[in-house]
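Enquirer: Sequence:
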Amino acid sequence: MSLSTLSSSSSGIRTCQPLCFCDLQATFRYSNTLRNPRQPFFGCPNYNTKRLPYCKFFKWVDGDQYMKLELQERKNELLRKEKEVDDRFRDIEKREIEIRKREDEIEKREMVQDGQDEEFLKEGVDAL
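Residues are numbered in the numbering used here as their position in the sequence shown, beginning at 1, plus a constant of 251.
Worth flagging that the hints you see were computed from the coordinates, not collected in a lab.
Within a straight-line C-alpha distance of at most 30 Å, the following computed DSBU-like cross-link-like pairs (lysine-lysine) qualify:
id, residue 1, residue 2
1, 307, 319
2, 310, 326
3, 345, 359
4, 345, 334
5, 352, 334
6, 326, 345
7, 359, 373
8, 345, 332
9, 319, 332
10, 334, 319
Simulated restraints on C-beta separations:
id, residue 1, residue 2, range
11, 288, 335, 25 to 35 Å
12, 326, 280, 19 to 29 Å
13, 335, 274, 28 to 38 Å
14, 327, 292, 12 to 22 Å
15, 318, 287, 17 to 27 Å
16, 324, 344, 29 to 39 Å
17, 356, 326, 41 to 51 Å
18, 302, 330, 26 to 36 Å
19, 362, 341, 23 to 33 Å
Note that this is a predicted model, so its numbers are computed, not measured. All C-beta atoms, glycine included, are put in the ideal place defined by N, C-alpha and C.
Generate the whole structure from the sequences, applying the supplied hints.
Expert: Written out as structure tokens, the structure reads:
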């Protein structure tokens with residue numbers, strides 16, 4: 252049987268899932284049988300996916316493992332939400348900078364227009 256490991260996913264988040272016999276991180280699933288309804292287990296990630304070969308790895312999840320996985324899932328969700336909030340905050344900051352640039356542009360145009368208006372009026376008065 253394969254050993255449990257602390258491995259890193261592509262997002263850099265650590266998990267405590269075992270490796271299947273294919274040396275892939277086993278997927279966490281729930282049984283849908285009458286004998287073991289909603290019982291959590293680990294299985295080969297290639298099982299039942301586009302006719303890929305799979306190793307038939309199977310391991311029931313015990314209570315402690317289940318709690319660790321639940322905790323890890325919640326932690327991962329919080330990290331995803333935190334990243335989403337950070338991304339939105341950066342987006343808002345970029346938009347604020349763009350708005351300030353546009354405001355400055357408008358003020359400059361207004362100043363130029365005011366200067367042109369004054370020159371036009373002065374030329375009109377001088378012509379009289």
